[in-house]
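Visitor: Now for the letters of each chain:
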Amino acid sequence: MPLRVSESQLYLRAIRDNNLARQRLRDATLPLTTQQKISQPSDDPVTAARLNRLRRARGETEQFQEVVEQVRTYHSLVESTLDSISSVVVDLTDLAVQMGSDGVAAVDRTAAVDLVQQWTNSLKMMGNQKQAGRYLFAGRRQGAPPYDANFLFVGDEAGRRVSVGESRLLDADVTGTEIFGGGTTGVKSLFKIAEDFIAALQANDSAGISTVLGELRGAHDRVIGTHVRVGIILNDIETVNYAHDNRYIAQTIHESDVIGVDFARATHELAFSQSVLEATIITTQRLFDAINIRNFNL
Amino acid sequence: MGNSIKELMAIGQQGLVAQKSAMNVISRNIANANTPGYARQRLELVAIHQPGISIDTGALETVRSASIQRSILGAALSYGFHKGKHDILKLAAPALNDINGGGISAALDQFFASFSKLGNDPSGTAERLGVLHSADHLGNTLREASQEIIKAKLEAQFEAQALVDEVNTLSKKVALLNSRITDDKVGFPDPTPGLKNDRDLLLNRLSELVGINTVDKANGTVAVFLETGGTLADDTYSNTLKLTGGSLAALDVEIIKKDGSVMKPLTRPGGRLGGIMVARDTVLKKTSDELDQLAFGFVAAMNGAHSAGFGLDGSTGNNLFNPIVGVVGAASRVKLSDDVLGKPEKLAAALDPTMLPGDNANILIMMNLQNDATVVAGGKTVGEAYDDAMSTLAVAKWDARRQSDDQEARVIQFYEMREQLSGVALHEEMIALNQAERAFSASSQLIKTARDMYDVIMRMV
Chain A
1 MPLRVSESQL YLRAIRDNNL ARQRLRDATL PLTTQQKISQ PSDDPVTAAR LNRLRRARGE
61 TEQFQEVVEQ VRTYHSLVES TLDSISSVVV DLTDLAVQMG SDGVAAVDRT AAVDLVQQWT
121 NSLKMMGNQK QAGRYLFAGR RQGAPPYDAN FLFVGDEAGR RVSVGESRLL DADVTGTEIF
181 GGGTTGVKSL FKIAEDFIAA LQANDSAGIS TVLGELRGAH DRVIGTHVRV GIILNDIETV
241 NYAHDNRYIA QTIHESDVIG VDFARATHEL AFSQSVLEAT IITTQRLFDA INIRNFNL
Chain B
299 MGNSIKELMA IGQQGLVAQK SAMNVISRNI ANANTPGYAR QRLELVAIHQ PGISIDTGAL
359 ETVRSASIQR SILGAALSYG FHKGKHDILK LAAPALNDIN GGGISAALDQ FFASFSKLGN
419 DPSGTAERLG VLHSADHLGN TLREASQEII KAKLEAQFEA QALVDEVNTL SKKVALLNSR
479 ITDDKVGFPD PTPGLKNDRD LLLNRLSELV GINTVDKANG TVAVFLETGG TLADDTYSNT
539 LKLTGGSLAA LDVEIIKKDG SVMKPLTRPG GRLGGIMVAR DTVLKKTSDE LDQLAFGFVA
599 AMNGAHSAGF GLDGSTGNNL FNPIVGVVGA ASRVKLSDDV LGKPEKLAAA LDPTMLPGDN
659 ANILIMMNLQ NDATVVAGGK TVGEAYDDAM STLAVAKWDA RRQSDDQEAR VIQFYEMREQ
719 LSGVALHEEM IALNQAERAF SASSQLIKTA RDMYDVIMRM V
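So the sequence lines, in the order shown, correspond to chains A and B. Just so we're aligned, residue 1 is where the first sequence starts under the working numbering, counting upward by one. Just so we're aligned, residue 299 is where the second sequence starts under the working numbering, counting upward by one.
I should point out that these hints are in silico values taken from the structure, not numbers from a laboratory. A hint or two may mislead.
To be verified - Pairs of lysine-lysine residues, derived as BS3-like cross-links and limited to a Cα-Cα distance of at most 30 angstroms, are as follows:
{"hint": "1", "chain 1": "A", "residue 1": "Lys188", "chain 2": "A", "residue 2": "Lys124"}
{"hint": "2", "chain 1": "B", "residue 1": "Lys415", "chain 2": "B", "residue 2": "Lys471"}
{"hint": "3", "chain 1": "B", "residue 1": "Lys388", "chain 2": "B", "residue 2": "Lys318"}
{"hint": "4", "chain 1": "A", "residue 1": "Lys192", "chain 2": "A", "residue 2": "Lys130"}
{"hint": "5", "chain 1": "A", "residue 1": "Lys37", "chain 2": "B", "residue 2": "Lys678"}
{"hint": "6", "chain 1": "B", "residue 1": "Lys555", "chain 2": "B", "residue 2": "Lys540"}
{"hint": "7", "chain 1": "A", "residue 1": "Lys130", "chain 2": "B", "residue 2": "Lys641"}
{"hint": "8", "chain 1": "B", "residue 1": "Lys515", "chain 2": "B", "residue 2": "Lys470"}
{"hint": "9", "chain 1": "B", "residue 1": "Lys515", "chain 2": "B", "residue 2": "Lys556"}
{"hint": "10", "chain 1": "B", "residue 1": "Lys556", "chain 2": "B", "residue 2": "Lys583"}
{"hint": "11", "chain 1": "B", "residue 1": "Lys584", "chain 2": "B", "residue 2": "Lys415"}
{"hint": "12", "chain 1": "B", "residue 1": "Lys678", "chain 2": "B", "residue 2": "Lys583"}
{"hint": "13", "chain 1": "B", "residue 1": "Lys471", "chain 2": "A", "residue 2": "Lys37"}
{"hint": "14", "chain 1": "B", "residue 1": "Lys449", "chain 2": "A", "residue 2": "Lys37"}
{"hint": "15", "chain 1": "A", "residue 1": "Lys130", "chain 2": "B", "residue 2": "Lys415"}
{"hint": "16", "chain 1": "B", "residue 1": "Lys470", "chain 2": "B", "residue 2": "Lys415"}
{"hint": "17", "chain 1": "B", "residue 1": "Lys555", "chain 2": "B", "residue 2": "Lys515"}
{"hint": "18", "chain 1": "B", "residue 1": "Lys515", "chain 2": "A", "residue 2": "Lys37"}
{"hint": "19", "chain 1": "A", "residue 1": "Lys37", "chain 2": "B", "residue 2": "Lys584"}
{"hint": "20", "chain 1": "B", "residue 1": "Lys415", "chain 2": "B", "residue 2": "Lys746"}
{"hint": "21", "chain 1": "B", "residue 1": "Lys678", "chain 2": "B", "residue 2": "Lys318"}
Stated by the list, open to error - Which stretches of chain A does chain B cover? Using the computed rule of at least three CB atoms under 8 angstroms from a CB of chain B, they are:
{"hint": "22", "segment": "178-190"}
{"hint": "23", "segment": "269-278"}
Bear in mind the structure is a predicted one, so any value in this text is a computation, not a measurement. Positions of the beta carbon are idealized from the N, C-alpha and C atoms, including for glycine.
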């Protein structure tokens with residue numbers, strides 16, 4: 001016996017089928033317009049939680065990348081400054097070798113004083129160098145010049161550390177005493193050595209110049225040592241940065257896998273749902289035409 | 299055969315009356331083809347083999363199935379429960395939606411990212427303002443989320459009260475229909491089936507709203523009970539459902555009987571009212587508790603670390619957020635502290651006041667709180683605690699929607715079963731109408747023929 005189909009059933013089903021087809025079309029357009037598989041956590045709670053974790057991890061990577069970039073900028077600046085300091089120290093050393101010879105006349109030594117004074121001033125300028133409102137070698141006391149009027153170190157010798165990875169800290173500062181000596185290092189500062197050099201030249205003191213020469217060689221070793229350490233930090237930064245870049249790419253790809261839309265699939269679903277809606281509308285029209293009661297010309 | 303011509307005319311007349319009655323039923327069916335809940339009627343014509351009588355109208359039958367009706371009630375109850383739950387949860391859902399990149403999760407990321415920037419330049423004004431801005435934004439986001447959940451809970455309470463009012467109105471109507479059904483037993487067309495149709499519709503709605511069981515009684519009335527215990531309507535009287543609780547307390551119901559005594563159902567009701575109660579007092583409560591735990595732990599940890607550090611101006615003991623006393627409602631009270639509001643120099647980046655302005659040691663401590671599993675009660679990081687709160691709401695809403703869709707499909711299936719049996723099919727009625735019309739014409743022709751025969755006889759006299 002065939003099923004009875006009542007009027008209400010026909011109309012309610014037609015309304016429901018049309019609503020379902022419209023909803024399907026709406027659902028199919030959402031991923032394409034938002035470019036996301038889901039638009040609210042309840043669409044897929046597991047994906048939503050995974051997405052939160054991924055975005056949090058990526059956010060941390062971005063934080064680290066930013067810090068690493070700033071540390072790199074600082075250390076690159078320090079590296080070039082160290083080149084200049086090293087060059088001045090080499091010049092001073094060469095001059096000390098030259099002036100330390102017994103055959104050099106007092107007048108020549110006096111004449112060299114101006115040159116040494118210029119180089120010393122240049123060193124002092126570099127010692128209190130400021131970049132973007134921050135004294136480069138002041139450590140944590142970055143708001144004030146690390147060297148006072150007598151060129152005694154009044155900055156911070158410990159420096160700051162920054163977090164560039166989970167449980168990974170990097171030195172963010174190179175302090176003045178590390179480069180120039182002095183402070184609590186127990187080593188005569190480069191500025192004092194330079195001043196002693198001037199005094200020895202003015203006094204025509206060969207022995208004094210010879211002492212300065214030894215100290216300048218020690219100071220140069222110190223600058224070179226710092227240079228090497230900065231180079232190591234920069235290499236370290238490259239490694240860390242490389243790891244962060246890779247992690248960031250992996251996290252972005254992973255996020256895209258989790259939330260991103262498969263366009264081929266979404267486009268297919270859109271086309272299909274359009275067809276379904278059209279078919280539903282046409283079917284409904286035909287159904288209503290077919291059941292038109294005026295056809296009952298009995 | 300006795301007085302044949304007179305009998306012939308009587309039979310014709312009976313045929314006319316019978317077919318007219320059939321057409322009455324058909325016309326009522328046609329008129330109610332689109333009336334929700336209407337069950338078609340069928341008039342049984344009975345042949346009678348007695349002299350002078352040939353046909354009579356038998357019982358007027360309303361085509362309905364009690365088992366399908368009971369199935370509708372059961373499905374409506376489940377559908378109502380999940381729909382009610384989903385309707386409330388969807389109001390709160392935007393509070394914890396981070397999919398498009400906003401929300402609490404993003405605000406937390408932004409907050410810690412701003413600390414990271416400050417860590418690299420602890421004296422930077424822009425960096426300090428960035429931290430204050432992101433902390434303020436995080437506070438606003440947490441408060442807004444908390445408010446949205448509170449609003450959803452309040453809406454649930456209003457909705458529950460409206461449903462209880464509707465349940466009481468429906469119960470009264472059922473009692474009234476019971477009364478009319480017992481009063482109105484005779485006459486044609488018999489109104490009782492129509493009244494029962496109306497009552498079925500009320501019962502369907504009642505079951506969807508509150509979850510009911512019914513007992514059909516011999517006198518045609520129906521007794522309506524809450525599925526969880528307690529009478530809503532019986533015979534010609536109805537009791538009153540009353541909503542209790544609200545505000546911070548869980549919602550509950552009690553039944554005020556006609557004698558004024560109070561009866562408490564065994565458990566919370568089913569249907570939409572039950573769904574709304576579960577959404578409000580179980581899901582949203584758990585979500586807001588988790589959010590409060592997060593806010594409480596986070597603010598306490600941040601303030602603990604921040605107040606131990608030193609601002610750019612050397613000040614110490616400053617809170618980053620206003621201290622929160624008690625976990626309840628903590629998320630709605632996260633606010634930037636007056637200690638630092640508009641005072642970027644008060645941000646305690648340093649641990650060593652002699653190393654100002656560049657000391658960032660305290661920043662590192664505060665940044666570490668991001669992944670510290672002791673910050674939120676239960677051994678969770680801030681991010682994990684947020685994921686838990688979000689998942690509580692998302693999973694419950696996802697489940698409510700899925701169940702609601704499934705149960706709606708069940709309801710529709712049962713309604714379709716009912717329609718297949720009880721609904722009006724116009725083609726059937728048109729055929730039946732044609733059939734009755736032809737029989738009616740034939741009966742009138744019979745009378746005409748009898749009269750012609752009678753005339754012939756009279757002329758013979």
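Visitor: Each hint should be assessed against the structure and marked as holding or not.
Guide: Hint-by-hint comparison with the structure:
1. Lys188(A) - Lys124(A): holds, 15 angstroms
2. Lys415(B) - Lys471(B): Measuring from Cα to Cα gives roughly 68 angstroms; hence the hint is violated.
3. Lys388(B) - Lys318(B): Roughly 55 angstroms between the alpha carbons, so the hint for Lys388(B) and Lys318(B) is violated.
4. Lys192(A) - Lys130(A): Satisfied, since the Cα-Cα distance of roughly 21 angstroms is no more than 30 angstroms.
5. Lys37(A) - Lys678(B): The given pair, whose Cα atoms are some 28 angstroms apart, holds under the 30 angstroms limit.
6. Lys555(B) - Lys540(B): holds, 10 angstroms
7. Lys130(A) - Lys641(B): holds, 26 angstroms
8. Lys515(B) - Lys470(B): holds, 18 angstroms
9. Lys515(B) - Lys556(B): Cα-Cα ~20 angstroms, so holds.
10. Lys556(B) - Lys583(B): violated, 35 angstroms
11. Lys584(B) - Lys415(B): violated, 35 angstroms
12. Lys678(B) - Lys583(B): Given pair Lys678(B), Lys583(B) holds - Cα atoms ~19 angstroms apart, limit 30 angstroms.
13. Lys471(B) - Lys37(A): violated, 48 angstroms
14. Lys449(B) - Lys37(A): holds, 29 angstroms
15. Lys130(A) - Lys415(B): With a Cα-Cα distance of about 20 angstroms, the restraint between Lys130(A) and Lys415(B) holds, given a limit of 30 angstroms.
16. Lys470(B) - Lys415(B): violated, 67 angstroms
17. Lys555(B) - Lys515(B): holds, 21 angstroms
18. Lys515(B) - Lys37(A): Since the Cα atoms of Lys515(B) and Lys37(A) sit roughly 54 angstroms apart, the hinted pair is violated (cutoff 30 angstroms).
19. Lys37(A) - Lys584(B): holds, 27 angstroms
20. Lys415(B) - Lys746(B): Roughly 107 angstroms between the alpha carbons, so the hint for Lys415(B) and Lys746(B) is violated.
21. Lys678(B) - Lys318(B): Distance ~79 angstroms between Lys678(B) and Lys318(B) Cα, so the pair is violated.
22. 178-190: With 0 residues close enough to chain B, the hint is violated.
23. 269-278: violated (count 0)
In this structure, the earlier hints numbered 2, 3, 10, 11, 13, 16, 18, 20, 21, 22 and 23 are contradicted, and the remaining ones agree with it.
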